[in-house]
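Colleague: The primary structure of each chain is shown beneath.
Protein chains: 4
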Amino acid sequence: MQLGLIGLGKMGKNMRERIRRAGIEVVGYDRNPAVSDVASLEDLVAALAAPRIVWIMVPHGDPTTQTVAALKELLDPGDLVIDGGNSYYKDDAVNADSLAERDIHYVDCGVSGGVWGLEEGYGLMAGGSREDVERAMPIFDALRPEGPREDGFAHSGEVGAGHYAKMVHNGIEYGLMHAYAEGWELLEAKDIVTDVHGTFRAWTRGTVVRSWLLDLMVKALEETPHLEGVSEFTTDSGEGRWTLMEGIDNAVPMPVLAAALFARFTSRQENSPQMQAVAALRGQFGGHAVQMLDDKADVNPAAQPKVERGQSTEPS
Amino acid sequence: MQLGLIGLGKMGKNMRERIRRAGIEVVGYDRNPAVSDVASLEDLVAALAAPRIVWIMVPHGDPTTQTVAALKELLDPGDLVIDGGNSYYKDDAVNADSLAERDIHYVDCGVSGGVWGLEEGYGLMAGGSREDVERAMPIFDALRPEGPREDGFAHSGEVGAGHYAKMVHNGIEYGLMHAYAEGWELLEAKDIVTDVHGTFRAWTRGTVVRSWLLDLMVKALEETPHLEGVSEFTTDSGEGRWTLMEGIDNAVPMPVLAAALFARFTSRQENSPQMQAVAALRGQFGGHAVQMLDDKADVNPAAQPKVERGQSTEPS
Amino acid sequence: MQLGLIGLGKMGKNMRERIRRAGIEVVGYDRNPAVSDVASLEDLVAALAAPRIVWIMVPHGDPTTQTVAALKELLDPGDLVIDGGNSYYKDDAVNADSLAERDIHYVDCGVSGGVWGLEEGYGLMAGGSREDVERAMPIFDALRPEGPREDGFAHSGEVGAGHYAKMVHNGIEYGLMHAYAEGWELLEAKDIVTDVHGTFRAWTRGTVVRSWLLDLMVKALEETPHLEGVSEFTTDSGEGRWTLMEGIDNAVPMPVLAAALFARFTSRQENSPQMQAVAALRGQFGGHAVQMLDDKADVNPAAQPKVERGQSTEPS
Amino acid sequence: MQLGLIGLGKMGKNMRERIRRAGIEVVGYDRNPAVSDVASLEDLVAALAAPRIVWIMVPHGDPTTQTVAALKELLDPGDLVIDGGNSYYKDDAVNADSLAERDIHYVDCGVSGGVWGLEEGYGLMAGGSREDVERAMPIFDALRPEGPREDGFAHSGEVGAGHYAKMVHNGIEYGLMHAYAEGWELLEAKDIVTDVHGTFRAWTRGTVVRSWLLDLMVKALEETPHLEGVSEFTTDSGEGRWTLMEGIDNAVPMPVLAAALFARFTSRQENSPQMQAVAALRGQFGGHAVQMLDDKADVNPAAQPKVERGQSTEPS
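Chains as they are written, first to last, in the working numbering: chain A, 1 to 316; chain B, 1 to 316; chain C, 1 to 316; chain D, 1 to 316.
Just chain A, with the same shape it has in the complex (with noise of 0.2 angstroms):
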């Protein structure tokens, strides 16, 4: 069997390796020549015997739509096309029906596992019809973990359904990893618990909480165990605010996803608008001294009481 497979940054190339683990031989293409086994998408399309199969795992937008174009005009009829990437689900019913019209047919596949997939193997759900999933299997079950196939593997629904399980996995996960971070940050904050740390550690065996992420955040405390010197500065990559506007548009209330969100979007706010808003009306109606930027070298937060008693009858 043979597989091309376009894109080869962290998460391709160790696809490509672990497909070419299983046995399959991998045609892999990348702009960046240093990684790539062939000169351009003509060559990687040559190197494959028809009917092919050729997975796209580029950024989404532009770029898979560039090169779900590229493909169309250089693949043959009958062929299948994989995009892996992170697309909008709505996108692959667009890339589906442009391919169809030269009857190239169109797989979404959501794949999750960051860089540890190489080794533990990649989640995998994908999106379209019975048969070029069937088609596709051996490149599914190189990629997915051992053990059964429906522990790793799941055939969603059809086109988009894949990117859209995708999609609502990249949800679910701002809001886990929001949850262990709120404890984590209140267990530093009071000082009862001294070893935080191993609290965490002792948690990832027998409990409820137990998980990947928190196998995760063990290694990394083990790394720093107060994450000395991290900024806080968290960037989104859409799928969480896509999620979320999916459940606006749906009727579905997510509130944790939406508090895990708007704490990524404040982390990026050197001073928060809607905070510089309230602080004005409290000093309008209060007298309450507004805190200028400028004082902010006097000021240490540490010396904030916790409740500031000697405000209390200040106006309210």
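It cannot be assumed that every hint is accurate.
List of simulated lysine-lysine pairs, DSBU-like, C-alpha gap at most 30 angstroms [claimed, not checked]:
| hint | chain 1 | residue 1 | chain 2 | residue 2 |
| --- | --- | --- | --- | --- |
| 1 | A | Lys13 | A | Lys72 |
| 2 | B | Lys90 | C | Lys90 |
| 3 | C | Lys90 | B | Lys190 |
| 4 | D | Lys72 | D | Lys13 |
| 5 | C | Lys90 | A | Lys90 |
| 6 | B | Lys13 | B | Lys72 |
| 7 | C | Lys219 | B | Lys219 |
| 8 | B | Lys10 | B | Lys219 |
| 9 | D | Lys190 | A | Lys90 |
| 10 | B | Lys72 | B | Lys90 |
| 11 | B | Lys90 | A | Lys90 |
| 12 | A | Lys190 | B | Lys90 |
| 13 | B | Lys10 | B | Lys90 |
| 14 | D | Lys90 | A | Lys190 |
| 15 | B | Lys190 | B | Lys90 |
| 16 | D | Lys190 | C | Lys90 |
| 17 | D | Lys219 | A | Lys219 |
| 18 | B | Lys90 | D | Lys90 |
| 19 | C | Lys190 | D | Lys190 |
Because the hints were derived from the structure by calculation, they are not lab data. These numbers were taken from a predicted model, which means no experiment stands behind them.
Based on these hints, arrange chains B, C and D on the given structure of chain A.
Modeller: What follows is chains B, C and D alone, placed relative to chain A:
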């Protein structure tokens, strides 16, 4: 009629003036001799004819407790003490019981209005017996806004009810301010509304969102149209926390208050520990670069893409 | 001066009346002949002398789109269309561009005030060119509350800005209402404040939380002191969702709006699927009895202990 | 080695069995003679040779307090009491101090694992002196999962630290469960993923969200694929509330926990008072029809449009 008034800070001083304007004799005491009418609590008590009414307007907690204790010694049976500060409602029963041992009466009264109360009057919520509240009514009438008594004064219930009502009032206030603040930030972030200040001003009449806080927001924007230089740093004076804890204790969901209170907590953190944990976790599973504090100088938040499209086939 | 007004529902009918009171001739059209001044859009256009001003006040989405399309055929170059409905701001550019093909001008205008606007005036936020907005100013002046123009009217920006401002106004409104609602529930849940209605009424003057919405809440409580018999079922009309999505799109955290919107979603669910999932999960790890819907008749929520002390050494 | 174990409910009975399998003699006492090894606490103490270790596994609050009081009378100086229930951490200092009056030692231990602990072992977090914890180590080793001690046991700090750690553990648990629950509801609400159960199962291996709770969710879905008939009604056992209150007290924002806890509160309300208030308010300003409970039989929630387009030029 006479009133003893203890505590002549931002609130107390204005209240003395407003009560005097109503023709009531006020003997004020404050530790600061520059504003005090008498030299000591003893002098204050001596200056009043029994049965006395003494209003306490000092910070909640220890200062109020100590003042009550002192008055218990100095006052006579039949006198009435009113605590108008922002005391925790559970303190009221303790104070009332203590004073009752010497047959001194007790009323708690929530007072709202801020620095504007001198001219506009104060909203009042009293807790205590019908007789005690009636006895102090001339004081309440002097303090409350003009118009029907019921529009600025309530006998909310027995002892403790006044402070409970004021606590909830302040909890609501947190949510109201934050609602305006969120809307303001969005209008400032999106470039479509080019006159944000004017838009807020237009809301002050006729609209559903018109309110006194909105008037104050417009006033703040008149002073600094984009709140330039105002720090996000916002303290909290206890009543928001108490209200949320009451919600928890009574199984009342209070997500709006929680959001507003938590935003204040976050505004005082230089580097959110929980977001450090999220950032560290992402670094573990995805090889996402963890930004260190030392890097921060190099970060241009404005350069952060709205959604990081380029990272999207990175691990997740 | 003349105005054509399309859509004479709860809002449009009152607006016609208010504009007429200002001495402006209004020709109103509605599909409902009982309230319409003319029999058709054609008649409405014929009744107005060019250059005309036609105000659309019909539901957003298809009805507005279709009305704009019809007016594009019927009106003459130089005429002005104002969309005063709650249209999505992105529709404005589409409508303006379409009308511009026939040199018909376009202004969007957010209108707030509800059924009270007839007597109290409407808060207005307009988007469009300076010339077009000036041209319609007599209409705006007729609709807005008396007093300084700037206190009830804003020229918020170019086309789209009026609806954007109104959208954010409504998003704020969600949060304001929910803040009062949380406070009210807590006061009702806790037995200490025995006069909740009176306490709310006392807040309407002098306090920090005084507002028009508070006045309305007091009015509602006058009719049904404990809202007896009122269903929790609350719809949402789109603008809350749009505002939250804008927040997400612009990386503006809006936790208060999210909480208020999600509470509306939940209010329409008979049996929350996400809480079914939580209940099922607890049943799995803890042997906590999972309550089935069939059991529900036997459940007395009032008998639910505040904290289930008896379950505490159950698994967790 | 010997252990006295008081409380043989769902947790205690399994723990007795697991400790016995490790070769330790366990004398169990329960008020229920059907499961008890001895007839009374006196008999339990008499059956153990000094210096004794007695593990309390009864509900927190009064039952635990009373058991500690009884043991204070019955035990000898040098004996050790371990409270393994879900006690509030502030109770630990009280219990420890009381027992110390008779030189009886005290350790608190958080125990996680649910009904699965018998076979898989329990995650343990202990609080107390180094000597006392060391002395009980054979018991901890018997209870914890196999493998490195640090992966299922922590000496978290002094007295109280074990229960504090367990409290936070449970707070995190609330958030984790709710994150999965939100994702599940969205997948069920949107029709694109046609195999939700299979998708959740595919997440159990290789993905970032894999966890023990996810395994349990899959198990629950195997029993009832769409959780048919499961009620939303979800209780809370106190630790979520305590954790959130600790967050408030330490100025740690915990929006994820708050969301999860509040959703439980709401799940127990037939008719949310705060949403009654919102509905009533909307009725006041907009003439929006307020739905009364009596109407409810006529409401078809499925017929509720996702966004009520038709209501959009209604007042707002």
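Colleague: Give a verdict on every hint.
Modeller: Going down the list of hints, with the structure as the test:
{"no.": "1", "hint": "Lys13(A) with Lys72(A)", "result": "24 angstroms, holds"}
{"no.": "2", "hint": "Lys90(B) with Lys90(C)", "result": "53 angstroms, violated"}
{"no.": "3", "hint": "Lys90(C) with Lys190(B)", "result": "13 angstroms, holds"}
{"no.": "4", "hint": "Lys72(D) with Lys13(D)", "result": "24 angstroms, holds"}
{"no.": "5", "hint": "Lys90(C) with Lys90(A)", "result": "20 angstroms, holds"}
{"no.": "6", "hint": "Lys13(B) with Lys72(B)", "result": "24 angstroms, holds"}
{"no.": "7", "hint": "Lys219(C) with Lys219(B)", "result": "29 angstroms, holds"}
{"no.": "8", "hint": "Lys10(B) with Lys219(B)", "result": "20 angstroms, holds"}
{"no.": "9", "hint": "Lys190(D) with Lys90(A)", "result": "13 angstroms, holds"}
{"no.": "10", "hint": "Lys72(B) with Lys90(B)", "result": "19 angstroms, holds"}
{"no.": "11", "hint": "Lys90(B) with Lys90(A)", "result": "56 angstroms, violated"}
{"no.": "12", "hint": "Lys190(A) with Lys90(B)", "result": "25 angstroms, holds"}
{"no.": "13", "hint": "Lys10(B) with Lys90(B)", "result": "25 angstroms, holds"}
{"no.": "14", "hint": "Lys90(D) with Lys190(A)", "result": "13 angstroms, holds"}
{"no.": "15", "hint": "Lys190(B) with Lys90(B)", "result": "46 angstroms, violated"}
{"no.": "16", "hint": "Lys190(D) with Lys90(C)", "result": "25 angstroms, holds"}
{"no.": "17", "hint": "Lys219(D) with Lys219(A)", "result": "29 angstroms, holds"}
{"no.": "18", "hint": "Lys90(B) with Lys90(D)", "result": "20 angstroms, holds"}
{"no.": "19", "hint": "Lys190(C) with Lys190(D)", "result": "39 angstroms, violated"}
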